[in-house]
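Number of protein chains: 2
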Amino acid sequence: MSEIKATQIFYHAGAVTREERAKLLKQTGATLWFTGLSGSGKSTFAVALEQVLIQRGHPAYVLDGDNIRFGLNAGPKILVETRGYADDQAKRFGLAFSAVDREENIRRIGEVAKLFADAGLIAVTSFISPYRKDRDAARQIHEANKTGAIPFIEVYVNTPIETCEQRDPKGLYKQAREALAAGKGMGFTGVDDPYEAPLNADVTLDASKQSVEDGVAIVLNYLVKRGLVAA
Amino acid sequence: MSEIKATQIFYHAGAVTREERAKLLKQTGATLWFTGLSGSGKSTFAVALEQVLIQRGHPAYVLDGDNIRFGLNAGPKILVETRGYADDQAKRFGLAFSAVDREENIRRIGEVAKLFADAGLIAVTSFISPYRKDRDAARQIHEANKTGAIPFIEVYVNTPIETCEQRDPKGLYKQAREALAAGKGMGFTGVDDPYEAPLNADVTLDASKQSVEDGVAIVLNYLVKRGLVAA
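So the protein lines, in turn, are chains P and D. Residues 7 to 237, numbered by the working numbering, are exactly what the first sequence covers, in order. Residues 7 to 237, numbered by the working numbering, are exactly what the second sequence covers, in order.
No wet-lab data here; the hints were simulated from the structure. Here the structure is a predicted model, which means the values were calculated and not measured. Careful, some of the hints might be misleading.
Identical chains blur together in the list; that is why a pair holds if it fits in one copy or across any two.
What the hints assert, rightly or not - Below, computed lysine-lysine pairings styled on BS3-like, alpha-carbon distance capped at 25 Å:
#1 K190 / K231
#2 K231 / K32
#3 K83 / K97
#4 K152 / K32
#5 K139 / K215
#6 K83 / K152
#7 K215 / K11
I would like the entire structure built from these sequences, with the hints used as guidance.
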């Protein structure tokens, strides 16, 4: 194994350009922002899409509750238990489900997705993200990116609430209906908190009508049409 | 341009594995955590290393003040001005320079670097990160990663403070010394706030002794030795 020598190192002043990253990864980055009710199939579509993109040679990464809600956007309790935060510190930085907490949750996710897309990956976010204002702010973060605007693609998973509630994979609708009946609302999207549907989604899916394969094909064809992935 | 059909889509249950990502990117991810005083040359080394990694076919991404302090970890003022946050909301989520704010700053950066490394990239972070406890917490986040431990490499840029202060590219030492002389400390690392040097850095650099090329070669050779990049 030969040693790499300083005389073999060449670099230019300034940051790596988007073009240099695109050349290596054979794609320019983008963010696919999935939004829809709990149980709509967002994460199923998102995770399958990530797999298929990677199979096809396109680096991609899903940001979802699994890797965000226990880490970057952990709640106060998790910050105390896993990071040793003092209670007041955990209450200040930890995110729960009030409107301002939801806004900050989506803001941070928007910022991180932008960094992934700036690095050249296809970032795929999968969060209910019920408020139009917060999704618009995430789009704006991408458009105002310092190294140039980044494509932000809103994918609305418009599965009817009846289907979502029938599936109820985590039993959350049941819990929310019971809480509401008992007079103590949970602020659960679609039950006692609004879901503001996108007005101009770039792609719309519906898990009551489409298979996972159908949904992935629809998004892929959209990306091909936009020139963001190879046909 | 032929349409991609649903019958051409194949996916497996569950998340993409680290192995699948490594196969595509020809590397397993890792985080290189640069730490050192203001003016020590951290960012110069980090940005040059990123360039050289990308030249050599290794996807990499620098997280530093430029892309973090105005975005994910913006201060209260920026949150008000660019995101329209209400004052109390901005004060709660915005990060300034108190000890708990610095801790949360490093925690979030540790979480984001971990996500990049989990995606298969070489994340290169460049922050003073003066407190040992906070750097250890960032390491722990990588070791406890749900999809398996992620290599966390601490790079200590141990440039003597005299050199850092002579360079003072942003005029910060001058400002901090003047503030201190006037009796109103800024809590500036190395002047009136401690820098806790790493006890067991994986790599140590010194910009007063090494050129940028020297430093990059040292880190690259370390990565080759660890099997994280090709020779």
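Hints versus structure:
1. K190 / K231: neither (47 Å within a copy, 59 Å between copies)
2. K231 / K32: within (16 Å within a copy, 28 Å between copies)
3. K83 / K97: Both: 8 Å inside a copy, 21 Å across copies.
4. K152 / K32: within (21 Å within a copy, 29 Å between copies)
5. K139 / K215: Classified as neither; 28 Å inside a copy, 52 Å across copies.
6. K83 / K152: between (35 Å within a copy, 19 Å between copies)
7. K215 / K11: between (59 Å within a copy, 16 Å between copies)
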